[in-house]
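The lines below spell out each chain.
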Amino acid sequence: MSEQPAAISEEDIHAYVDGALSSERREQVERAIELNPALAARVSDYFSLNNMFP
Amino acid sequence: MDIRNDLMEHVPRLRRYARALLTNRELADDLVQDTLERALSRSRTFEYGTDLRAWLFTIMHNVFVNQVRKASARAVHVSVDDEAFGETGLAASGGQLHSLEVRDLDYALQRLPAEQREVVLLVGLEEMSYAEVANALSVPIGTVMSRLSRGRERLRSLMAGAQPGAKLKVVR
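Those sequence lines, one after another, are chains A and B. Going by my numbering, the first residue of the first sequence is number 1, and it counts up by one from there. Going by my numbering, the first residue of the second sequence is number 55, and it counts up by one from there.
Certain hints may be false.
[As the list claims (entries may be wrong)] Footprint (simulated), chain B over chain A, 3 or more residues, beta carbon under 8 Å:
#, segment
1, 15-25
2, 44-52
[Said to hold, decoys possible] Some chain A residues flagged as far from chain B (calculated, every beta-carbon gap over 10 Å):
#, residue
3, Ala6
4, Ala7
5, Ile8
6, Gln28
7, Glu30
8, Arg31
9, Ala32
10, Glu34
11, Leu35
Calculated directly from the structure, the hints in this document are not laboratory data. Nothing here was measured: the structure is a model prediction, and the numbers come from that model. All C-beta atoms in this analysis are idealised placements derived from N, C-alpha and C, irrespective of residue type, glycine included.
Based on the sequences and whatever the hints tell you, model everything.
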């Protein structure tokens, strides 16, 4: 398994949820999410939080 | 030129934000009122062609910070120890928030430090860009990001019913 995903920071995760990333970075975050179920659950919660605002 | 009419257009948004920031409706409406009064008294400092909404949110932030400072000088309240809340102390496993309701969000929001609550709301409710938030709060964008990240993660833990690593303490 040589394809190590790019390092993703906390800031990247939040910027991803807020749609504030470049398309290249967004794809890197999406790859990281696919490989990491815990991260995926967290991101899903952040989206839920954002959607709770009116 | 009078900005009074332009100000009025922004009142509903200011009110919505204030009511999320302070669940006490009276205090929230006072915050809006004080913000509008200050804006009117300083309307000459507003530069036409610049973003009125950003200017108003900056004023509201300053009024809010003053209120919090005054309130914390006299009130007894519960605060969450910021330092004790490292990333490792978070126990929420994730994917649990879909069944929660908006009133849980209100409850959890009030348990965030004011500076994190502001950022979470400006981004989530007002849908401001990080740069706009940095501008409104007069802090660097990195500070916006770290408050957002800590605030959201704490909200998530609170709403998932997890025991956060923070200690609740009564502050006099």
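Now for the hints, and whether the structure bears them out:
no.	hint	result
1	15-25	holds (count 3)
2	44-52	holds (count 7)
3	Ala6	holds, 18 Å
4	Ala7	holds, 16 Å
5	Ile8	holds, 12 Å
6	Gln28	holds, 17 Å
7	Glu30	holds, 17 Å
8	Arg31	holds, 18 Å
9	Ala32	holds, 15 Å
10	Glu34	holds, 15 Å
11	Leu35	holds, 15 Å
Checked against the numbered hints listed earlier, the structure breaks none of them; every hint is satisfied.
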